[in-house]
Amino acid sequence: MAARSVLELLHISKAAGTSMCHLAEASRCRALDFGMGRTCLLREFDDQPRWLNASHHWGAIATTAKAHTGHPIAFMLYGVPRLASRVRTCAARLQFMRKRNLDFFANEYTVYNELVLGNLTKLSTPIRASTKAVKQRQRRRRRYLHGEDGQPHAQPRQQEEEQQEQEPQAKPAKRRTAKQSAAMRLQMELERERDLGVRAAAAAADYLGHVQRITAAGAEAHPQARLEEQPAPEELGDYSAVIRGTHLCPRFAAVAVLRDPLERFRSHLLFVLQTYMGMYERRSLADAFAPWRDSPAAWRAFAPPVMDNYMVRTLAGEGAYALPYGALAAPPYMDLAKAVLAQYDVLLVLESDSAAMGRACSWGLGWSSSLDDVSSRNTSAMLLRHGVRTMAAGGGGGEPGILGIAGEALQQLLPTPPVLAELEATAVQYDRVLYDYGRLLSALDDVVWRAANATLQEPMPGLWSGPPGSAAPCGYINMRR
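In terms of the numbering used here, the sequence shown is residues 5 to 485.
None of these hints come from the bench; they were simulated from the model.
Careful, some of the hints might be misleading.
Per label pair, the in silico range of CB-to-CB distance [claimed, not checked]: (1) Arg104 / Glu426: 44 to 54 Å; (2) Gly411 / Asp377: 26 to 36 Å; (3) Glu412 / Thr68: 16 to 26 Å; (4) Leu460 / Leu87: 22 to 32 Å; (5) Asp210 / His251: 22 to 32 Å; (6) Arg42 / Ala96: 16 to 26 Å; (7) Asp210 / Met283: 18 to 28 Å; (8) Ser469 / Thr420: 57 to 67 Å; (9) Thr67 / Gly282: 16 to 26 Å; (10) Thr73 / Ser373: 37 to 47 Å.
What you are looking at is a predicted structure, and each value in this text was computed from that prediction instead of being measured.
Glycine is no exception: its CB is placed at the ideal position from the N, C-alpha and C atoms.
Put together the whole structure using the sequences plus the hints.
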């Protein structure tokens with residue numbers, strides 16, 4: 005690890021990625037943005053998560069739910085690969101980090117296999133236009149509410165009194181007109197955002213169709229296979245074109261955090277629904293979800309990667325991430341995910357005891373603090389205002405299910421109990437296997453950390469014995485500087 009100068013965190017969503025970002029900051033790593041909004045992600049790398057299917061949102065939710073100020077555009081990128089205009093190759097990323105003197109970043113999408121991306125020209129324009137429209141709408145609304153100088157609109161008392169004397173009946177009408185005009189402008193901007201979002205969704209669907217046609221080639225001879233069913237491995241067609249070139253960046257050190265798959269899935273689902281509750285009027289949102297709460301196929305269309313082994317998709321690369329439901333049944337995808345996971349320099353497991361976590365952080369990364377020492381954004385805390393009770397970061401099957409902790413408002417959006425049970429079983433079927441393999445790798449690493457801890461004084465000079473700040477910043481990766 006000391007031979008490399010950049011540390012990449014694979015942030016598997018809802019697995020302590022925010023805490024890891026703050027731990028890196030405490031360990032004096034250099035990232036472009038440690039703030040809660042970006043959490044060590046680099047906009048130039050295009051590694052933001054892609055959870056939701058925009059086509060389903062615009063067709064099944066936005067037609068009924070009334071938005072307060074906007075739509076969850078940032079998460080509706082399923083089917084959108086890393087854009088060609090972004091920094092997406094290992095060599096370009098290393099150059100970017102060196103030029104800005106950075107040594108840490110997070111990746112909340114997938115590992116790399118840019119060979120499967122294809123021509124992205126038709127994707128770039130509508131997605132960029134949609135993002136630009138959102139930013140313009142937000143700026144216009146801020147200007148209307150707060151003025152050009154950032155201060156709220158307010159008239160001097162004397163001017164108000166003069167206007168009341170001159171036009172005693174006109175002012176109430178003006179107030180109503182201004183309010184109505186603002187509402188009309190907001191509605192027009194939301195409609196414009198919707199139109200652009202639909203275009204972006206169509207472009208993403210084209211890419212998904214391209215990837216899915218590759219894997220469906222073998223299924224053409226088996227017309228009984230359906231997306232909502234688990235196809236047999238022999239029905240899945242050729243997979244080599246989807247996974248070719250999957251890799252990590254050899255010049256980067258790599259760390260990943262693993263979490264019990266079922267708890268991670270529950271946390272992920274709650275976070276998505278909480279996001280919707282914060283952006284839409286509740287009654288209309290419940291009406292939008294009501295027709296398909298009892299449909300497993302609809303939920304899988306709503307958030308395809310979340311509902312189908314998110315960890316395996318993340319570690320198998322962009323091509324596998326875009327596969328249809330059930331395609332991961334083919335053994336090569338699990339084999340690939342295991343092979344990629346085994347290449348990580350350090351694996352942290354949230355369900356590990358405190359001592360093991362401390363050894364992994366200190367002896368594995370050269371950091372003086374442990375992940376257990378960091379307290380940052382927690383899904384449970386964010387959901388309290390929506391009536392959700394405590395939900396631990398780990399704990400496996402001993403924790404109460406979603407229906408046992410969600411408040412009344414969230415329960416109106418959640419899948420019905422039988423559907424939720426089915427979704428939970430299939431969503432983590434292969435993730436459990438990968439997680440167990442990761443725990444094994446982490447336990448093997450801990451054998452080395454234990455031996456080192458018993459024979460050496462400290463992982464690196466000054467980490468524990470020297471004054472604060474005497475050890476190399478960001479651990480091992482800067483020891484040679």
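Verification of the supplied hints:
1. Arg104 / Glu426: 44 to 54 Å: For Glu426 against Arg104, whose Cβ atoms are near 47 Å apart, the range 44 to 54 Å holds.
2. Gly411 / Asp377: 26 to 36 Å: Cβ of Gly411 to Cβ of Asp377: about 31 Å, so the range 26 to 36 Å holds.
3. Glu412 / Thr68: 16 to 26 Å: holds (20 Å)
4. Leu460 / Leu87: 22 to 32 Å: Violated: the Cβ-Cβ distance is about 46 Å, outside 22 to 32 Å.
5. Asp210 / His251: 22 to 32 Å: holds (26 Å)
6. Arg42 / Ala96: 16 to 26 Å: holds (20 Å)
7. Asp210 / Met283: 18 to 28 Å: holds (27 Å)
8. Ser469 / Thr420: 57 to 67 Å: Holds, at about 58 Å.
9. Thr67 / Gly282: 16 to 26 Å: The hinted range 16 to 26 Å holds for Thr67 and Gly282, with Cβ atoms some 20 Å apart.
10. Thr73 / Ser373: 37 to 47 Å: Check passed, 38 Å falls within 37 to 47 Å.
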